[in-house]
Every structure is written in C-alpha cells, then in structure tokens.
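Chain by chain, the residues:
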Amino acid sequence: MSDHPMRGRTAISGLGETKYYKRAAAPDGEFKMCLEAILLACEDAGVDPRDIDGFASYSNERSSPDRLAAALGIKEMRLSNMFWGGGGGGGSGALANAVSAIISGQCEVVVVYRSLAQGQFGRFGQGAVVNEINNDGKWTAPFGLMSPAQSFAMRVRRFMHENGVQQEALRAISMASYFHAQQNPRAVMHGRELTEEIYDQSRWIVEPFHLFDCCMENDGAAAMIVTSVERARDLKPEPAVVLAAAQGSTPRNQAAAHNADLYATSNFQHVAKRLYEIAGVGPEDVDVAQVYENFTGGVMMSIVEHGLCAPDEVNEFFTLENFKAPDGKMPINTSGGNLAECYMHGLELIIEAARQLRGQSPNQLANPEVALVASGPMVTPVSSCILGVDR
Amino acid sequence: MTTGELSQWHATNPDTYLPPGLAEPRPWQDGLDIPYWEAIERDELVVQYCDDCKAHQWGPEWLCHRCHKFDLEYVKVEPKGKIYSWERVWHPVHPALQTSCPYMVVLVELPGADNVRMVGNLIGDPMRPVTIGEEVEAVFEHHKDADPPYTLVQWQRTRD
Chain Y
1 MSDHPMRGRT
11 AISGLGETKY
21 YKRAAAPDGE
31 FKMCLEAILL
41 ACEDAGVDPR
51 DIDGFASYSN
61 ERSSPDRLAA
71 ALGIKEMRLS
81 NMFWGGGGGG
91 GSGALANAVS
101 AIISGQCEVV
111 VVYRSLAQGQ
121 FGRFGQGAVV
131 NEINNDGKWT
141 APFGLMSPAQ
151 SFAMRVRRFM
161 HENGVQQEAL
171 RAISMASYFH
181 AQQNPRAVMH
191 GRELTEEIYD
201 QSRWIVEPFH
211 LFDCCMENDG
221 AAAMIVTSVE
231 RARDLKPEPA
241 VVLAAAQGST
251 PRNQAAAHNA
261 DLYATSNFQH
271 VAKRLYEIAG
281 VGPEDVDVAQ
291 VYENFTGGVM
301 MSIVEHGLCA
311 PDEVNEFFTL
321 ENFKAPDGKM
331 PINTSGGNLA
341 ECYMHGLELI
351 IEAARQLRGQ
361 SPNQLANPEV
371 ALVASGPMVT
381 PVSSCILGVD
391 R
Chain R
1 MTTGELSQWH
11 ATNPDTYLPP
21 GLAEPRPWQD
31 GLDIPYWEAI
41 ERDELVVQYC
51 DDCKAHQWGP
61 EWLCHRCHKF
71 DLEYVKVEPK
81 GKIYSWERVW
91 HPVHPALQTS
101 CPYMVVLVEL
111 PGADNVRMVG
121 NLIGDPMRPV
131 TIGEEVEAVF
141 EHHKDADPPY
151 TLVQWQRTRD
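As they're listed, the protein sequences go chains Y and R.
According to the numbering used here, the first sequence is numbered sequentially starting from 1.
According to the numbering used here, the second sequence is numbered sequentially starting from 1.
Please keep in mind that the hints were generated in silico from the structure rather than gathered at the bench.
From a predicted model like this one, the values you see are computed outputs, not experimental measurements.
Among the clues, some could well be false.
Each computed SDA-like pair below joins lysine to any residue, with the alpha-carbon atoms no more than 25 Å apart [to be verified]:
1) R/76 / Y/252
2) R/144 / Y/136
3) R/82 / Y/132
4) R/54 / R/112
5) R/144 / Y/257
6) R/144 / Y/134
7) R/82 / Y/261
8) R/69 / Y/260
9) Y/22 / R/124
10) R/82 / Y/263
11) R/82 / R/55
12) R/69 / Y/182
13) R/82 / Y/163
14) R/82 / Y/252
15) R/69 / Y/201
16) R/76 / Y/250
17) R/80 / Y/260
18) R/80 / Y/136
19) R/144 / Y/129
20) R/54 / Y/236
21) Y/329 / Y/182
22) R/82 / Y/162
23) R/80 / R/139
24) R/82 / Y/257
25) R/144 / Y/182
26) R/144 / Y/137
27) Y/236 / Y/50
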C-alpha cells in the first residue's frame, strides 16, 4: 500500500498548558492564559514564538489570531484557521488543518490552541434563557431538551438499547479517568478518588448520565507547536509524528429534531475508516487511546466506532482493569481527560497522546508506539488523529 | 426536587407538561415551517413529503434531501408513533425547570411517515418505566395565553 501524502510528514513538537483550574477559579483572563500556553509550547519545542506563522483552532475560539499575532509580535502570519462546529469536535480537526497547511507549503510553524475561561464567559451546561426561539432549537428546547447532556443522552440510550449495554460500562470509563487523575498532580480532580459506590450514589443529571458521566467545566489554555517532521528533528523534544488526522461526519448527522440517518452513533464511522487508511495502521496497532469525554456514552461509541471493541462486547470489555495504564488491554484517558484532568475541549487529550509517545505521561505505558485521539463525539463534524514515534 | 412537585404542577396546570418560561417556538423568519405550526394549531400533525421520491422528511428543509426538489408540501400524517429513545431529566438547566424535575423527554418515530422522528414530552408519571418501541399518540398542547399563541406536540401512551 502506497504511503498516504499526510502520513508521517509532520510532528507535534511543543506542548504548552497553563495550570488548569476549576471553573471561575483562574486568576487570569482567557486571552492572557492563551498567550501563556502558546509561549510554554514554544519554549518546550525550542522555537521563537515570533516564528509562528500559522494559527489553527476550533469551537469558536475567542482568542483570535489577529490579536494573538499582534501581542506575540509574529513576523509573518500565513494562516488564520478556524474549524467550524461546536464542542470538542474540532480538536484533531484543527491539527489536521495545521498539518495540511504545512504539507502544502503554506506554513512552517503552526500553533494549534484552545483557551477557555468558563468563569469569565459563561457555561456550556446551562440552557439559554431567551423568550423565543426560531432556529432548529425550537424542535427540542420547548420540551426541556437544551443542554449538551440532554442532547446526547438520547443517542446514548438508543445505543445502549440496541447493544444491550449496562450502566456499569459507562461507570468504567469514568473510573478510568479518575484513576489516572490520581497520578497526575496537574489534574483538577487530583486527590478526589472515585469509587463504584460514589458513582452509583451520585445524582442523575439526565439518565443514563450520572454526575460523574459528565465532563467538568474549567478555566485554562493549551497549545501545541506543529511543524514538518524534518524541522521537528532539529528541535529539542522527541517529535510525536502525526500519522493521520481526519475530520468529517456521517450523513445528515445533525438533521433537525434528531433525524440523523445513523442515530445511535458518536459520528465516527466514516472518519475512523479514513483515519486508519491515512495512518497505515489498524485498531490492533493502537497502544493507548485518548477518547474525548463530553459524556461517557460518547466515549463508549467512539471506542466501538474506532474498532477497539465490538458493539456486542462492550459489557465485557469496558472495565477499569482494561482501561488502566500501563497494563490494561486498552488504556484510555491516561491523564484524566475531560472528566478529571481538565475540560480543555480535548486539546489536553492530544497533548497527553504526545506525552505518552515521549515517555512523559503521569501514567506512562512501556514504549507505546501508536496513540489514538478521538475528538468530540456526537457533534458535527467530529475528528480524530493517530500519533506515532519517529523511526 | 421530588416527583411530587411535578405531580403538583400537573394537578394545578393540566394543560401543559412543563411550566411557562421556556423559549417559545417561532417559525423560521423565511417562513419554511409556517404550515407545520398552523396545522398543529388545528390538531393536525403534518410533515414534509416529496411527491417525486414518495417519501416523508423531517425536520423541515427547503428542499428534499434525496432529490433536491424545492418547496416540498406538508402532508397530514397519522398522529401515532413508537418510542425510539427516551431520557429522564433530573438536573434543571433552566430557571423555568427548577420545580419540574424529573421530567420525561422522548424521541418518537412515526411508522406512518417513513419513521421520521419528533422530540416531545411523554405525558404522565415521569417515574413510570419506559420501553423503547412502546406505542404513543400525539397530544396537541395549546399555549393559548402565549403572545402569539402556539402549540406543542406531546405524546402519551396509546394503551392508557
């Protein structure tokens, strides 16, 4: 099989994260944290921040490249890129856009970033208080279905029905994130252990989601420096090579009033197939997976749709033992992820994938070579990426 | 929050499943869905229908997603469906819902209309177990005191 033109041509070199805070606890504003994360990523990579020539982000990022470029004194901006679509669906998509810009010769050093101060700018988990609604929200909001948890619970319930999935499968996902966060001092939920009893007794948000099935809402910022693999080899850290990054959607996934053609899905069927083709690896090659947790049900469907577990084997496979680093069959969310490290819209998951390949994870596997990231299940579009080591 | 509070809401306000204060639905400004809102005000359930494809479509679009024919007609369909999925909401995410949790939201498919789906509330005790596949029928919930008035399509179990 011939090499795909995207495979192995670029790498993530610099990783930058501010301290992660509980919602509204950050001492700094969103834009300032964004600058801090970008500078940390540059320092980690060993590149001059003024040499950044491209910006890529997602989810209506507020810290815009025009303002960042002015603040940072960027010498020549060549790319100002925004991935359309909400939630964390664009995490790996923003990486894909950065990679494309580099491979096509538009840019040399692209920063992929996300900043989020929910204390400063309001929360995702609340319904909008408005008098009237004339967009597609009108088919759901008047019935009290308006938050992300409520939108996705319906899909997850259907998947559980079709495949006979028990609540314990969702619990195992949450337990894994919390388990890994206990080894990660950076995690917002470090020091907050989760037991089966605490999960079972936690309140329902919307069935089938308990409190611990839902992501946190946080303040912070994260950034990655992406460059050609040749340039990355001259930089300080070991490069995390981008084997593939793909984005997209199944047909009519956001058709109004929950009329998607394929309904009980994380929306990764088509993306995952293309992702593996680009990367030249298969699900059996994946050593560790960082799977975006907006809600555990999305993680479940993402794992299935990336071929890591058959749909009728979810109940057996989804256990804390299987999900634990370093020795589980498929360690997931090894920094604590959106549930227990920080809800940085999943950029922290790509960073953790790179960290695993560098050997710097708080829950390090023994010499992993292939790391999968699934970004933002159940939205449109979604995206995912596969990182590898430089050989 | 207890189920008693929702029951209380029903006892004193039998006409609407949820309390007032949620966003009121309005047609798209370009008029796409006006026929739907007018029909349900008359207690008639309609969805879009493509006469070329002989197939129903929902939610409303300016064209048929199958053949791209514009300006589909709205046709009357049997107001009966089957529960395709459901969720019981416990955490109020809106001030108007503070005293009405838990409540039940269902996704209903319409076998008489190519299984297009609609979201609504399932009228009745929200703690009653729900089975996917259960048969339901439409209840037209008229909000006559709203300005302008509007109607919501709710669902109740057929066997009740």
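Evaluated hints:
1. R/76 / Y/252: It holds: about 24 Å lies between the C-alpha atoms, which stays within 25 Å.
2. R/144 / Y/136: Holds, at about 22 Å.
3. R/82 / Y/132: 29 Å, violated
4. R/54 / R/112: Status holds; Cα separation ~13 Å.
5. R/144 / Y/257: 24 Å, holds
6. R/144 / Y/134: 19 Å, holds
7. R/82 / Y/261: Roughly 17 Å between the alpha carbons, so the hint for residue 82 of chain R and residue 261 of chain Y holds.
8. R/69 / Y/260: Distance of about 20 Å is within 25 Å: holds.
9. Y/22 / R/124: 39 Å, violated
10. R/82 / Y/263: Roughly 15 Å between the alpha carbons, so the hint for residue 82 of chain R and residue 263 of chain Y holds.
11. R/82 / R/55: Holds. Residue 82 of chain R to residue 55 of chain R sits at ~19 Å (cutoff 25 Å).
12. R/69 / Y/182: 57 Å, violated
13. R/82 / Y/163: Holds. Residue 82 of chain R to residue 163 of chain Y sits at ~19 Å (cutoff 25 Å).
14. R/82 / Y/252: 22 Å, holds
15. R/69 / Y/201: The given pair, whose Cα atoms are some 53 Å apart, is violated under the 25 Å limit.
16. R/76 / Y/250: 30 Å, violated
17. R/80 / Y/260: Status holds; Cα separation ~20 Å.
18. R/80 / Y/136: 23 Å, holds
19. R/144 / Y/129: OK: residue 144 of chain R and residue 129 of chain Y at ~21 Å, within 25 Å.
20. R/54 / Y/236: Violated, at roughly 63 Å.
21. Y/329 / Y/182: The hint holds at about 20 Å.
22. R/82 / Y/162: Judged against 25 Å, a Cα distance of about 15 Å means the pair holds.
23. R/80 / R/139: Roughly 10 Å between the alpha carbons, so the hint for residue 80 of chain R and residue 139 of chain R holds.
24. R/82 / Y/257: Holds. Residue 82 of chain R to residue 257 of chain Y sits at ~15 Å (cutoff 25 Å).
25. R/144 / Y/182: The hint is violated at about 55 Å.
26. R/144 / Y/137: Answer holds: residue 144 of chain R to residue 137 of chain Y is near 21 Å, not above 25 Å.
27. Y/236 / Y/50: 17 Å, holds
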